[in-house]
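Protein chains in written order, with the numbering used here: chain X, 13 to 510; chain P, 79 to 589; chain Z, 93 to 189.
Hint data in this document are derived by calculation from the structure and do not stem from the laboratory.
Each hint should be verified, as a subset may be incorrect.
Label-pair distances were calculated between CB atoms; the ranges are [to be verified]:
| id | chain 1 | residue 1 | chain 2 | residue 2 | range |
| --- | --- | --- | --- | --- | --- |
| 1 | P | 223 | Z | 114 | 46 to 54 Å |
| 2 | P | 223 | X | 162 | 51 to 59 Å |
| 3 | P | 312 | Z | 121 | 39 to 47 Å |
Please read these numbers as outputs of a predicted model, since none were measured by experiment.
For glycine and all other residues, C-beta sits at the position ideal for the given N, C-alpha and C.
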Amino acid sequence: MTRELTRMTAAELSAALAAGQVSAVEVTRAHLDRIAAVDDRVHAFLHVAADSALAQAADVDESRRAGEELGPLAGVPVAVKDLFTTIGMPTTCGSRILAGWHPPYDATITRRLKQAGAVIVGKTNMDEFAMGSSTENSAFGPSRNPWDLDRVPGGSSGGSSAAVAAYEAPLAIGTDTGGSIRQPAAVCGIVGTKPTYGGSSRYGVVAFASSLDTPGPLARTVLDAALLHEAMSGHDPCDSTSIDAPVPPVVAAAREGDVSGMRIGVVTELGGDGYQPGVLSRFAEAVELLESLGAKVTEVSCPHFRYALPAYYLIAPSECSSNLARFDAMRYGLRAGDDGTRDAEEVMALTRAEGFGAEVKRRVILGTYALSSGYYDAYYGKAQQVRTLIIRDFDAAFGQADVLVSPSTPTTAFGIGERADDPMAMYLADLCTIPSDLAGNAAISVPCGLAPEDALPVGLQVMAPALADDRMYRVAAAAEAAFTDRWGQPLLAQAKGL
Amino acid sequence: MTTTDTLVPFAEAMERYEPVIGLETHVELGTRTKMFCGCTTIFGAEPNTQVCPVCLGLPGSLPVVNRVAIEYTIRIGLALNCTIATWCRFARKNYFYPDMPKNFQISQYDEPLCTNGWLDVPVAERTFRVGIERVHLEEDTGKSQHVGGATGRIHGAEYSLVDYNRAGIPLVEIVTKPVEGTGAAAPEVARAYVTELRDLVRALGVSDVRMEEGSLRSDVNVSLAPRGSGYWGKRTETKNVNSLRSVERAVRFEIERQAAVLDAGERVIQETRHFHEDTGTTTSGRSKEEAQDYRYFPEPDLVPVAPPADWVAQIRAALPEAPTARRARLQAEWGLRDAEMTALSNAGALDLVAETVAAGAPPSDARKWWLGELARRANDAGLELADLAITPAQVARVAELVSSGVLNDRLARDVIDAVLAGEGTPDEVVAARGLAVVSDEGALIAAVDEAIAAHPDIAARVREGKGAAAGPLVGAVMRATGGKADAARVRQLILDRLSWGQADGGTTITG
Amino acid sequence: MSITRDEVAHLARLARIALSDAELDHLAPQLDQIITAVAQVQEVAAEGIPPTSHATGLTNVYRDDEPVPCLTPEEALDQAPAVELQRFKVPRILAEE
Chain X
13 MTRELTRMTA AELSAALAAG QVSAVEVTRA HLDRIAAVDD RVHAFLHVAA
63 DSALAQAADV DESRRAGEEL GPLAGVPVAV KDLFTTIGMP TTCGSRILAG
113 WHPPYDATIT RRLKQAGAVI VGKTNMDEFA MGSSTENSAF GPSRNPWDLD
163 RVPGGSSGGS SAAVAAYEAP LAIGTDTGGS IRQPAAVCGI VGTKPTYGGS
213 SRYGVVAFAS SLDTPGPLAR TVLDAALLHE AMSGHDPCDS TSIDAPVPPV
263 VAAAREGDVS GMRIGVVTEL GGDGYQPGVL SRFAEAVELL ESLGAKVTEV
313 SCPHFRYALP AYYLIAPSEC SSNLARFDAM RYGLRAGDDG TRDAEEVMAL
363 TRAEGFGAEV KRRVILGTYA LSSGYYDAYY GKAQQVRTLI IRDFDAAFGQ
413 ADVLVSPSTP TTAFGIGERA DDPMAMYLAD LCTIPSDLAG NAAISVPCGL
463 APEDALPVGL QVMAPALADD RMYRVAAAAE AAFTDRWGQP LLAQAKGL
Chain P
79 MTTTDTLVPF AEAMERYEPV IGLETHVELG TRTKMFCGCT TIFGAEPNTQ
129 VCPVCLGLPG SLPVVNRVAI EYTIRIGLAL NCTIATWCRF ARKNYFYPDM
179 PKNFQISQYD EPLCTNGWLD VPVAERTFRV GIERVHLEED TGKSQHVGGA
229 TGRIHGAEYS LVDYNRAGIP LVEIVTKPVE GTGAAAPEVA RAYVTELRDL
279 VRALGVSDVR MEEGSLRSDV NVSLAPRGSG YWGKRTETKN VNSLRSVERA
329 VRFEIERQAA VLDAGERVIQ ETRHFHEDTG TTTSGRSKEE AQDYRYFPEP
379 DLVPVAPPAD WVAQIRAALP EAPTARRARL QAEWGLRDAE MTALSNAGAL
429 DLVAETVAAG APPSDARKWW LGELARRAND AGLELADLAI TPAQVARVAE
479 LVSSGVLNDR LARDVIDAVL AGEGTPDEVV AARGLAVVSD EGALIAAVDE
529 AIAAHPDIAA RVREGKGAAA GPLVGAVMRA TGGKADAARV RQLILDRLSW
579 GQADGGTTIT G
Chain Z
93 MSITRDEVAH LARLARIALS DAELDHLAPQ LDQIITAVAQ VQEVAAEGIP
143 PTSHATGLTN VYRDDEPVPC LTPEEALDQA PAVELQRFKV PRILAEE
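Could you put together the complete structure from these sequences and hints?
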């Protein structure tokens, strides 16, 4: 039964729990056992919250026994990226500078998960302060891709993605700023969503790039992702950038999964040179599949998308250089070099040198440069203008198509160490995902096969206009159903070993 | 600590140079909660008892704008005749300092909420129109206490202790345009501007503007150029100016110092200076050669502020009377000359008199008490009039007790002393001490008869028609009644008793 | 060359990061490469194009001036590296603010 429980989807677990076929404590225990069995190899988790998880599960069982009305996620295990504040558990953001930090408050999303009765099994590994595409920038060692433990699980939400792909939890929370949910989901063969920016609260999410950061769900199926999406989303008065509108009906859309009559736009600029051939071929097949399901496929051009990467690598570092200034050894976190002879400034500088990893240092310095007087207009200012042009490209494209599609990322999972000291090469992983972040639109990655050259997962990205998240879930669900039909089983079931 | 700077005496400096001044004033708004979070803002609370993840800048925290702070800022802008922005944003001002939890301050940069206004400032017999460049909103910082050095100042301290209660309190920054043409009146104009601004802000009800509590802070900018040169000199910015008097002294000192620098053929360094209360001097502040680059960019965690026109109109309609208009109206109502009005303002008695009048006292009585007896008491105690332990309503009550004959002036002074000493309200004091004028005619007549009997020669002279001779008899009765008689009444009784024009000292009682 | 080693050193100081010489040797060429790449944005003709700082288009988001329970001093100071007299104890601050 234990092995079965960890292979069930969140929707299946939810039904079993509701029917009383299994208790939340049993479900939680099964997943904790799985974590204990495989996480020494996967390293998805930085902190496993066994005691509090079992206590939460016991509470859910108690409530159910008492006849209370419980939501769909009650008793379902969730893994939380270590970027979200959680009372009673450490929040490190994958950084030495916050090693051992216990925040005194819960993120809004943490609170909502708890209120929904979800069982938080632990905090997952990530690239330090969400900067990276592989978790190799974590101060606590990389996570590993369950498909091939010598390969990266993607990033920055690599730990969350690996946890779900390794059946350590059916659901996980991540954040997407340049692609940090979709890219890891794609290379791990699971589903990952970047909701509309402002659709999910950033309160309690340690800020990387404030105007881009978007919390979102990772799961093994589109329906599971939709269930988590609904539970975690919605307006938050503690977040001024949070949208005050109803959450789009993503669960209903995921259940419908129908693309007949929909116009699907293939973005010309998101393909071609630099893309792994197997990725392109699987993507092309996915598009054909959608067409066969009744969608009308066209090509659309978004000419400014080729400037999306440089614009992003100006805007995000600029905002992060400011967001990370607070880590100065004065109020929490690491304090280095305070031997009684040094002044505050020296202690700050020594602490940040010791506490931040190389990628964080690069981006903070880059951001400081881009915002400097004399450079602001040419760099940060210009990037914000490019951002406007990208939004306009999307607007025009969505005039011709209901959703846009592309590969989620140009390659399959690369090897650990392969790009670790080549920042530019690492940044290319975000080519397809960045435009949606800049525009604040919704986007999802859903598995569309294994690349022939390496038998590693490929993801199909579906993009929808802001607040039309349900539309992309509809398309993703249709694709998923059709693929599962074709393969005879979910993609993940094809993974060897784990 | 005396200055080692050379100084040119003020009058001499003003012969050769022209000053241009500017003022940057910070007002802490009196909102119940902070600018971006719901922490309370009570002054003097125990350290770190009014903090939360937002104002502590904890990782993951986010700001949310306090609507009332926006309203108060618009009020200030409108009262200063500014244009209110239809759309503006907050910006991050980035620099590292331990009293700033995020190491950036949320402020406004090139899009302030209010711009381009003015404030008319009366100085002696003239009125200066001081241009207002901008009014914007930002958040206040925490407070550090430096430990281990000799003076509690920053230099030589071993470490610091930081309290973040103040961090996040809304701060309005008001920046003047450069003020030219003040000449030798520059120090007075600077002081008068801050005074006028303070009174205006107080009248708006948006801050208690107490310089001694830090809810009103002013930095002064001064530059000098040779008379008639047509250009402006390099300006210095002086901080730590903590009282109205310091504003004036700081401007004066900077003029004298800069004049000496320029006389010596040297350049005035454009820098931030620190004012020293004890010596009235300024010293160089920042030792950094490079100017601070704050790397301003629009605050991504906040959305633009676009005050709807009808909201601004509502705020405008609810503005109270401006201090200048109010002063003119009161002057007309009270029938005072300009000099008399000025005397009231200078003594800090204007509002007190107005409130006393509002409580029912005639303006002349109100002025008499506040500028007379109470001013003396305040002076003796080293206090401002407003800090005396007596309210305008109580002063009005005393004036009423005198005009109704219950008290005479001497008794009234006693009552006032008692109220100041905390013995209670005027009525309570009168009752407790039995200070009411003796108005029992019987007792008075008895005292009058005793005095007449005791001084037959004086009585005789009064009887002969020399009314002026009655003085000593009045004095005797006053002594006999412990000063609690109404002197005029006593005198009348004596005259009646001695029947002016009547030959005998009969017991006829005249009503 | 878009950025020199000295400029990188200067920026690190501004950002309060005490880079070692070895780190500087390593990071400076990488930053130069990155800055050259991101400078591509300057190729874009953007005359009259307004910058986007906020994607949502929201304006006027406020809260009421009502107190909300805050942290206790213990919670606020719990994670501090050093505490004295219920305040955050920090190394001596040299510069006047």
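Quick check: does the Cβ-Cβ distance between residue 223(P) and residue 162(X) fall within 51 to 59 Å?
Check passed, 55 Å falls within 51 to 59 Å.
Would you say the C-beta atoms of residue 312(P) and residue 121(Z) sit inside 39 to 47 Å of each other?
For residue 312(P) and residue 121(Z) the Cβ distance comes to about 41 Å; the hint holds.
Hint check for residue 114(Z) and residue 223(P) - Cβ pair distance inside 46 to 54 Å
violated, 39 Å
Of the numbered hints listed earlier, the single one contradicted by the structure is hint 1.
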